[in-house]
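Colleague: Heads up: the sequence lines are chains E and G, in that order.
Taking my numbering, the leading residue of the first sequence gets 1, the next gets one more, and so forth.
Taking my numbering, the leading residue of the second sequence gets 1, the next gets one more, and so forth.
It is worth saying that the hints were derived from the structure and are not from the lab.
Straight-line Cα separation of at most 20 Å, SDA-like style, residue types lysine to any residue; simulated pairs: (1) E:Lys107 / E:Arg142; (2) G:Lys35 / E:Tyr38; (3) E:Lys101 / E:Val10; (4) E:Lys101 / E:Thr80; (5) G:Lys35 / E:Gln22; (6) E:Lys107 / E:Thr85; (7) G:Lys35 / E:Gly36; (8) G:Lys55 / G:Pro30; (9) E:Lys107 / G:Glu95; (10) E:Lys101 / E:Gln87; (11) G:Lys55 / E:Glu3; (12) G:Lys55 / E:Pro77; (13) G:Lys35 / E:Thr24; (14) G:Lys35 / G:Arg105; (15) E:Lys101 / E:Leu5; (16) G:Lys35 / E:Thr25; (17) G:Lys35 / E:Ala32; (18) E:Lys101 / G:Glu43; (19) G:Lys55 / E:Gln4; (20) G:Lys35 / E:Gln30; (21) E:Lys101 / G:Gly41; (22) E:Lys45 / G:Arg86; (23) E:Lys101 / E:Gly127; (24) G:Lys35 / G:Leu46; (25) G:Lys55 / E:Thr80; (26) E:Lys107 / E:Gln4; (27) G:Lys35 / E:Gln27; (28) G:Lys35 / E:Ala61; (29) G:Lys35 / E:Asp37; (30) E:Lys107 / E:Phe6; (31) G:Lys55 / E:Gly76; (32) E:Lys101 / E:Gln22.
Computed far set for chain G versus chain E, every beta-carbon distance over 12 Å: (33) Ser6; (34) Ile17; (35) Gly18; (36) Glu22; (37) Thr25; (38) Ala51; (39) Gly103; (40) Thr107.
From a predicted model like this one, the values you see are computed outputs, not experimental measurements.
Glycine included, C-beta positions come from ideal geometry on N, C-alpha and C.
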Amino acid sequence: MPEQLFWEDVTEGVEMPSLIKQPTTRQLVQYAGASGDYYEIHYDKDFAQGNSLDGPILHGALKSAFLGQFMTDWAGPLGTLRRLTCQYRGMDFPGQPITAKGTVGRKYQEAGEFLVDCTIWLENPEGQNTTPGSATVALPSRGSQSG
Amino acid sequence: MTTPPSVLTPEMREQAIGTETEPLTMEVEPGAIIKFAQAIGDENPLWNDPAAARKTRYGGLIAPPTFLRNLRLERPELPFDSSFSRVLDGGSDWEYFQPVRPGDRITAISRLTDLQERPGRMGVMIFLTSLITYRNQFDEVVATQTTTSIRY
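Looking at chain E on its own, in the form it has when it is part of the complex:
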């Protein structure tokens, strides 16, 4: 696990380390079971093709979960996710990688917390942004450590 990120160490405008996910059809079935979303478009090829798709597509909620992981990995165990926003603009398919990326936006303090806004998104293998989003995390501050 990487070292804990502190608010003072964050630089605005910097690219965040990307996270590559490799969803499989098996994972979509596993996610259906874990989330209770059994919509056939996510694992039934005939159903997906009957809806003019090449094949089953990722659940939108699974994509937001990937972006959630991207942020909680970056924020470390002492960071706290405060906001996670995304829109499902493009379809994504299992059997190919999908990459979570982001850039650091504004650093600021509010209500006693040390916050960072980030612009985040998911990119398909063609380099297209299918899931634009944003997030806000509260990070630990070196200056406020007690004891």
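Given the structure of chain E, go ahead and fit chain G onto it with the hints provided.
Modeller: Structure of chain G alone, referenced to chain E:
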């Protein structure tokens, strides 16, 4: 090109906006948290390893950010009979206030906050925006979720 006929009237919007679903309650189970974390492929010990999580400031397992989605509220009903039978999830905006722990009882209520129609390739599409408020057994708001659902 003719403009597709409008489906929503101001009266329909006024009637629909502000309506709420019945509350839905879920008891948070450690196995469900771990199963969810494994399903999304997130190995963070906070939602996978109770022994490791006990040593953190949380004192035990907590739920990952999108876990509350498992509270599957009924879809908001369109305020009219329609052939808009297909649904797309447009996206979500989550805000987080308190951690969610095994043994918590989380109650969700969804309120319809906006209803818009927009032209699409296949005709008129209806965008429904809902605000879901999640409260725990102490009546604290643990999270809110603004979610967009698209009917076409």
